[in-house]
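Next come the chains, spelled out residue by residue.
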Amino acid sequence: MIVELGGCVSSFLSAARPPLVFYGPPNLLAGRFLHLHAGEGLSEFGAPTPEAVEYCIGAGRYAEKLDPPYSLKELLAVLPEGLREKAENSVCLRRAFYLSRVDPRPLRRAKIYVDDPFLLFALEPYMPAYAVGISGKRRNVKCGADPPPPPQLAEAEARVMTPEEFVDFLYTKDIFKPLLNPRLLLKLLWRLRRVL
Amino acid sequence: MAVKKSVVELLKFAMALEVAFGVVSLYWDLAVSAAAVYLLTYLFGPIGGAVFAALSAAYIAIGYSTVFFAYRAIKRPELVKPSTAILWSKAALIAAAVSALSANLPYAASSALLALALYLYAKELAKSSA
Numbered sequence: 001m002i003v004e005l006g007g008c009v010s011s012f013l014s015a016a017r018p019p020l021v022f023y024g025p026p027n028l029l030a031g032r033f034l035h036l037h038a039g040e041g042l043s044e045f046g047a048p049t050p051e052a053v054e055y056c057i058g059a060g061r062y063a064e065k066l067d068p069p070y071s072l073k074e075l076l077a078v079l080p081e082g083l084r085e086k087a088e089n090s091v092c093l094r095r096a097f098y099l100s101r102v103d104p105r106p107l108r109r110a111k112i113y114v115d116d117p118f119l120l121f122a123l124e125p126y127m128p129a130y131a132v133g134i135s136g137k138r139r140n141v142k143c144g145a146d147p148p149p150p151p152q153l154a155e156a157e158a159r160v161m162t163p164e165e166f167v168d169f170l171y172t173k174d175i176f177k178p179l180l181n182p183r184l185l186l187k188l189l190w191r192l193r194r195v196l
Numbered sequence: 001m002a003v004k005k006s007v008v009e010l011l012k013f014a015m016a017l018e019v020a021f022g023v024v025s026l027y028w029d030l031a032v033s034a035a036a037v038y039l040l041t042y043l044f045g046p047i048g049g050a051v052f053a054a055l056s057a058a059y060i061a062i063g064y065s066t067v068f069f070a071y072r073a074i075k076r077p078e079l080v081k082p083s084t085a086i087l088w089s090k091a092a093l094i095a096a097a098v099s100a101l102s103a104n105l106p107y108a109a110s111s112a113l114l115a116l117a118l119y120l121y122a123k124e125l126a127k128s129s130a
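Sequences listed follow chains A and B, in order. Each residue of the first sequence is one higher than the one before, starting from 1 at the first, in this note's numbering. Each residue of the second sequence is one higher than the one before, starting from 1 at the first, in this note's numbering.
For the record, the hints were derived by calculation from the structure and aren't laboratory data. It is possible that some hints are incorrect.
[As the list claims (entries may be wrong)] Result set (DSBU-like, lysine-lysine): computed pairs, CA atoms no more than 30 Å apart in a straight line:
(1) K12(B) / K187(A)
(2) K86(A) / K73(A)
(3) K75(B) / K187(A)
(4) K127(B) / K4(B)
(5) K127(B) / K86(A)
(6) K75(B) / K127(B)
(7) K137(A) / K4(B)
(8) K127(B) / K173(A)
(9) K73(A) / K81(B)
(10) K173(A) / K65(A)
(11) K12(B) / K127(B)
[Unchecked claim] Away from chain B, derived, C-beta distances all over 10 Å, residues of chain A:
(12) P69
(13) N89
(14) A156
(15) P163
(16) E164
Every residue gets a Cβ at the ideal spot worked out from N, C-alpha and C, and that includes glycine.
Assemble the whole structure, with the sequences as input and the hints as a guide.
Laid out in structure tokens, this is it:
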């Protein structure tokens with residue numbers, strides 16, 4: 001869930017606990033932030049969030065049906081006729097696929113600033129995501145008593161996993177989660193019905 | 001969809017083992033769960049027995065459905081997605097863990113092998129669709 005901030009954004013960001021990811025104008029930053037860049041690359045395999053698919057081709061609700069990881073071909077199969085052509089030619093979508101495989105593990109303890117919306121979408125499943133200028137759940141923040149500290153930016157390059165590393169990552173991330181999460185367990189039972 | 005032949009062979013081997021040990025251990029599972037259901041019903045009333053019966057039914061169903069999924073991956077690989085392969089690999093891992101806990105080691109080993117094969121299969125799918 002991406003939260004769109006309004007009001008005293010900088011005092012909110014300086015008080016918030018890491019990890020978090022923020023997208024917006026850099027003059028709103030306060031405190032230490034990691035400025036994350038991403039290398040060039042396009043791909044057709046990954047796990048773009050529904051928000052990313054919505055941003056690129058306006059088909060977020062179709063992407064919700066797919067479980068990560070998926071390929072462009074699987075996405076095309078669930079899209080209706082008109083959107084399918086748009087998706088086939090979309091460079092934006094291929095970029096979203098590529099950046100959805102960003103490795104979040106080294107970033108678990110940082111406040112991150114991104115100027116690339118795809119990185120915001122890619123990191124959103126792993127940490128709270130705040131934005132100015134991308135519509136999400138709206139939240140107006142109050143001003144703190146102290147003036148926020150001046151921004152300090154450290155440059156960093158995002159590591160993008162290969163498809164195989166990404167499968168490893170998804171596999172080991174939550175190996176016994178299906179047992180603990182009743183919704184996933186029900187989904188598993190639902191799948192059982194289809195297989196049998 | 002070019003999946004490496006060795007991975008498919010491993011999947012076939014693991015599935016064959018799973019079927020063989022699955023049939024053998026089905027009798028064992030049924031005997032143990034019948035005894036446990038009887039005991040629990042005696043001790044805690046019908047609810048205790050029903051809960052255990054439901055758990056063992058879920059365990060047997062998970063074990064068998066992983067076999068069905070592996071069969072589908074071998075017969076119709078175009079229908080299999082990386083996400084479902086990962087999901088069923090985890091299901092096989094759960095079945096292996098439960099079998100190991102109930103001292104059914106051959107079945108635990110074959111389930112673990114099936115989990116490994118499905119995991120490698122998911123990786124192969126990812127590689128070929130990238």
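Each hint tested on the structure:
no.	hint	verdict
1	K12(B) / K187(A)	holds (26 Å)
2	K86(A) / K73(A)	holds (13 Å)
3	K75(B) / K187(A)	holds (24 Å)
4	K127(B) / K4(B)	holds (10 Å)
5	K127(B) / K86(A)	holds (25 Å)
6	K75(B) / K127(B)	holds (20 Å)
7	K137(A) / K4(B)	violated (45 Å)
8	K127(B) / K173(A)	holds (19 Å)
9	K73(A) / K81(B)	holds (10 Å)
10	K173(A) / K65(A)	holds (21 Å)
11	K12(B) / K127(B)	holds (20 Å)
12	P69	violated (5 Å)
13	N89	holds (19 Å)
14	A156	holds (25 Å)
15	P163	violated (4 Å)
16	E164	violated (5 Å)
In the structure shown, a violation is registered for the earlier hints numbered 7, 12, 15, 16, in ascending order.
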